[in-house]
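Can you make the complete structure from the sequences, with help from the hints?
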Amino acid sequence: VAEHRRLQLDDDIDFQRRESRVQRIGWWCLSAFVLAALLGAFGSGPLSHAVAEASGLAVEYERFLRADARSLLTVELPASGTAAELSISRSYIDAVDITRMLPEPSVSELREGDAVFSFERRDTAPASMIVRIEFKPRTMGRPTATLRSGGATVTFTQLTYP
Amino acid sequence: MDSVLRTAAVYGFLLVVFRILGKRSLAQITSFDFVLLLIVGEATQQALLGDDFSLTTAGIVIATLMALELALSLVKEYSPSFDRLMESTPVIIVENGQPLQDRLDRERVDVSDIMQAARERHGIERLDQIKYAVLERSGGISIIAK
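As they're listed, the protein sequences go chains A and B. Its first residue numbered 1, the first sequence is counted upward by one per residue in our numbering. Its first residue numbered 1, the second sequence is counted upward by one per residue in our numbering.
Don't read these hints as lab results, they were simulated from the structure. You may find that some hints are simply not true.
What follows is a set of in silico ranges between Cβ atoms, one per label pair, in the way DEER data are often shown [said to hold, decoys possible]: (1) B:A9 x A:G56: 39 to 45 Å; (2) A:S118 x B:V16: 49 to 55 Å; (3) B:T30 x A:T153: 54 to 60 Å; (4) B:E69 x A:R18: 23 to 29 Å; (5) B:L37 x A:T153: 47 to 53 Å; (6) B:D105 x A:L9: 16 to 22 Å; (7) B:E77 x A:T155: 51 to 57 Å; (8) A:R18 x B:L37: 24 to 30 Å; (9) A:G26 x B:E120: 28 to 34 Å; (10) A:G141 x B:S54: 24 to 30 Å; (11) B:D105 x A:V34: 21 to 27 Å; (12) B:L36 x A:C29: 15 to 21 Å; (13) A:R121 x B:D52: 38 to 44 Å; (14) A:R63 x B:S112: 44 to 50 Å.
None of the values given here were measured: they were computed from a predicted structure. A virtual CB, placed ideally from N, CA and C, is assigned to each residue, including glycine.
Shown next, in the form of C-alpha cells:
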C-alpha cells in the first residue's frame, strides 16, 4: 500500500466496492426490465392482452399502450339484420387517434359527444360482426373507453406509457 | 417543450444504463461493441425525434443535450462526490506485476485485456514488466512500465 502512494491517483476502494454492489443490483433491474418487456408489461404480450365482455359485446384490447404507437381493438358487436351500431365514449376519442376501421362504417357521427359508427352488411345470418379498430394513443395517461352496442356496455381502462 | 423533455429522459436513461454496465461498456473494445453503440444510437434517434424531422426540433434536441452536458460538468466541477458518482474512480488493477484479482473480477477485466493494452501502447511482453496498470474512468487501461 505504501508503494502505490507513489502513484498520484484518486482511487477509493470503499467507493468501488459500493459501486460494484449497486451495479450488480442494476444488472438485476436491467434483466427484470427486459423480462417484463418480453412478458408484455409495456404492451404486446401475454400480460398486456385482455378481453372485456358484456352480453354479446366483446372487446379484445391491450392493457398497456405506448404514446404514438399503433394498437388494435377487436370488437365483436351484436348485430341483427343488415345493420349494427357501435358508440365509443368521447373521453376515449379525445385520448386516441383512430387511424383505420375494418370494415369501414357507412356513417360516423358525433352524438352527445360520443362517436357513433354505423355498419351495414349483406350477410345477415350470424348474430354478431367483427370490427377491427386501429388507433394511436396521443399522449401518456390512462384512457378509459366505454363502448356501447345494441344495449350492451363495455368499459375498460388502458395505461399509455410515454 | 416535448422535445426537451424527451431529450432529458433519453439522456437520463442512457446515463443510468451505461453507469450500471460499468466502465468497460463504453470502451469500444471490439468491432462488435462499436456496431452495438451504433445500433443504440439509431434506436435513440427515433425516441428523440419521433416523427418530427424539422430543423427546429433537431436544433432543440442538440441544444438540450449540450445544455445537459454543460450543466452536469458544472455540477461535477463544484462537487467532487457528484463527479465520482457520475464518472466513478480509476482503479489500480496491477501492482508490481501482480494482478489484483478481486478488482479485476469486480470490473469484469481479465489479464488478457491488460496485456493487450500493454502490447499496444508500450510493447510490453510479460505481466511482470508492468509496474502499474490502471483501469481509467474512460474504460481504457493505462500501463506504467517498470
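Sort out which numbered hints this structure fails and list those numbers smallest first. none
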